[in-house]
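Colleague: Sequence:
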Amino acid sequence: MQPPPQLVRSAEIVTVGTELLLGETLDTNGAWLASRLAARGVDVYWSLRVGDNLARLREALEIGLARSDLVITTGGLGPTEDDLTREAIAAVAGATPQVDPDLAD
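Heads up: the sequence shown at position 82 corresponds to 83 in my numbering, and the numbers run straight through without jumps.
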């Protein structure tokens with residue numbers, strides 16, 4: 002019996018945060034993710050750092066989805082106004098982000 006076909010052959014990693022572009026923080030998450038994907042036979046052809054900017058993050062996600070089987074984001078999910086990953090993903094998916102009051106408590 003043959004193993005099932007691999008559905009994810011290529012991946013792209015988008016790490017989010019202006020602090021990454023300013024050299025204030027190293028992108029260790031991207032390196033960790035790339036090594037784990039490679040160990041599972043997934044080729045990472047693109048890895049990108051994007052600052053906390055909704056338009057640029059949305060563009061990065063749209064381009065990534067057009068050229069890769071999988072796009073993984075890391076960062077930009079904190080409690081501050083400049084953390085826009087959720088909003089960018091929702092925009093690309095055509096959805097509206099909502100806050101669940103029970104989870105917020």
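Honestly, I wouldn't trust all of these hints.
To be verified - What follows is a set of in silico ranges between Cβ atoms, one per label pair, in the way DEER data are often shown:
1. D103 to L8: 29 to 35 Å
2. R87 to L8: 21 to 27 Å
3. P102 to A32: 18 to 24 Å
4. L78 to A56: 17 to 23 Å
5. D103 to E60: 29 to 35 Å
6. A96 to L23: 16 to 22 Å
7. L22 to A67: 22 to 28 Å
8. R41 to L78: 33 to 39 Å
9. P102 to G24: 36 to 42 Å
The hints are simulated quantities; they were obtained by calculation from the structure and are not laboratory data.
Backbone N, C-alpha and C fix where the C-beta goes; we use that ideal spot for every residue, glycine too.
Colleague: Each of the hints needs a verdict: does it hold here or not?
Modeller: Here is what the structure says about each hint:
{"no.": "1", "hint": "D103 to L8: 29 to 35 Å", "result": "holds, 34 Å"}
{"no.": "2", "hint": "R87 to L8: 21 to 27 Å", "result": "holds, 25 Å"}
{"no.": "3", "hint": "P102 to A32: 18 to 24 Å", "result": "violated, 37 Å"}
{"no.": "4", "hint": "L78 to A56: 17 to 23 Å", "result": "holds, 18 Å"}
{"no.": "5", "hint": "D103 to E60: 29 to 35 Å", "result": "holds, 34 Å"}
{"no.": "6", "hint": "A96 to L23: 16 to 22 Å", "result": "violated, 31 Å"}
{"no.": "7", "hint": "L22 to A67: 22 to 28 Å", "result": "holds, 23 Å"}
{"no.": "8", "hint": "R41 to L78: 33 to 39 Å", "result": "violated, 24 Å"}
{"no.": "9", "hint": "P102 to G24: 36 to 42 Å", "result": "holds, 39 Å"}
Against the hints set out earlier in the document, violations occur for numbers 3, 6 and 8.
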